[in-house]
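Peer 1: Starting from the given sequences, assemble the full structure and let the hints guide the process.
Protein chains in written order, with this note's numbering: chain Y, 1 to 372; chain D, 1 to 231.
It is worth saying that the hints were derived from the structure and are not from the lab. Computed from a prediction, not measured in an experiment: that's the story for all the values here. All clues stand as given, with none of them false.
Calculated cross-link-like contacts (lysine-lysine; reagent style DSSO-like; alpha-carbon spacing at most 27 Å):
(1) D:K123 x Y:K11
(2) Y:K272 x Y:K171
(3) Y:K75 x Y:K13
(4) Y:K272 x Y:K354
(5) Y:K11 x Y:K75
(6) D:K123 x Y:K75
(7) Y:K13 x D:K123
(8) D:K123 x Y:K171
Which residues of chain D face chain Y? A partial, calculated answer using Cβ under 10 Å:
(9) L124
(10) S130
(11) L131
(12) A135
(13) R138
(14) P145
(15) L146
By construction, the Cβ of each residue, glycine as well, lies at the ideal position given by its N, Cα and C atoms.
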Amino acid sequence: MSAPALTVGIKKKLGAFALDVVFEGAAGVTVLFGPSGAGKSATLAAIAGVLAPDGGRITLGDDVLYDRAGRIVLKPEARRIGWVFQDARLFPHLSVEGNLRYGLARARGRPAPIAFDAVVGVLGLAALLRRRPRDLSGGEAQRVSIGRALLSQPRLLLMDEPLSALDAARKGEILAFIEQVRDAFALPIVYVTHSLTETVRLADRLVVMEAGRVVGEGTLSEVLARADLPLLAERTDAVAVVEGAVTDPDPVRDLTLVRAGEGVWLCPPLNKPVGAPVRLVVLARDVILAVTEPQGLSARNVLPGRIEHMTPRRDGSVLARLDVGGRLILSALTPDAVQALALRPGLPVWAVVKSVAIEGTGRSGFSPLFDG
Amino acid sequence: MDLALSPDDWLAVRTSLIVAARAVIFALPLAVGAALLLSRGRFPGRIAIDALVHAPMVLSPVVVGFLLLLVFGVEGPLGGPLLRWFGVRLVFTSAGASLAAGVGAFPLMVRSVRLALDAADPKLELAARSLGAGALDRLVSITLPLAWPGVLSAVVVGFAACLGEFGAVITFAANIPGQTQTLPLAIYADLQAPGGEAAALKLAGVSFVIAIAGLLIAELLARRTRRWSGR
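Peer 2: As structure tokens, this is what we get:
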């Protein structure tokens, strides 16, 4: 990859709150993850141009959107950044089609690689075009709003907790649509959320924010495996993501074989062709450690690995980070087990994970087992 | 009693409609502008403009008419140049009646537009902005359409207020049949004449009919707009 899609380095005082964020956004989805009040939405507003930072620099591709030193401040309407809000914010006096074409009409004279029909197809809007916004359900309205932003031919799409106003069933539905948008239109997306489910499902790159600062940044699997980020490590649903590829769909045993680094994982059927990239979601509390190779277990995954790091947690448990065939996973342990097995960093161990505890995500199929 | 309107009565009706229509046509763009300024503008002195706009509502119409005489009289700071450079005289003319009526109705019109603007969600303008719409574009494509019901009601309320304006019109434009003698002025003139009660009653009835018709038209328009604006 050449220059990063997006670079942000800004400071802003907002009363007693100080925003001081530095991060990069990559192609694909960059998730800004953090609790409410971490400054995620303020950061989005600064990228969009409606919040003026006190200093710093924001670039998108080769273009400078904001530069305090160079006195460059691009107006929001000139930034070509699509913005999807928590509420759909459709224009009530226009039909669905009128809403969709609003941004498209204003992109005239510029290359328009995102076609009306393609957006209508991907987001399933054909049956809604003649309706009025007031006649749409929450999920439908949010789909229209995503389509409207896409059709303004943006160079970057900002999504500010787009699922937060929807019920659980709609969340899953819109999440699938957002994945399709990500895959269909080569558009970098910055996605703000405080949901770990959405993060694990969508993120290619993860930026963790807390109290106005970036506390962790990197690829999704890299950042999730950092046991030193309390925001992630202290959660009872602390989770690691293992990136791999399907090596054998193996329909006989109703399991799918996935190779991830040197490790070979057995997980529930994914209905993917051989070679398809998949993302295995492994909860720390589902990973058992053994110091000798266990025999006669029902668990289908017994992978050799090594303890890299151990962090005590506030609830008394210990979070261990393991290297399993070149991939990082987490295991939640009781202090008693740590003592009994003399677990310590550097120790070779076997990680035991039941196949049914593994979730395969990537480009489809996901049940939200944790948070919401 | 003879219910038919005399030619003089018809003249008063015609004068009223012309004076009010002209007043509304000129006042509406100004009222929308003032409402935008007051609803969306953030600048020092906004309160002063707010007070100035609302002054005709709290002042006695006779005072308004008198102030207009001072400003727009042939020797006044605005009336003088108007006459000398454009040959326009407002005092004691039909146009002057419109000015007096329009100034009286102005605060009501601004209020009506402003309420609609305040109710229009500025978040929608932000959404439009992120879709590439500049300031004027947003005003025309989002803000004004959202405030459209308020603009319509400003027209109706303004028209009704202009039809009913008495003090400012008679002070500034006098009571000239066919020129400045609107319905209320004609009623006043009838009441001044001995035995004019019957004529006055007829004109009062006409005023009533026009007012009710205006309200009905306003309600019909409001319903259509609500459907059109999707709310």
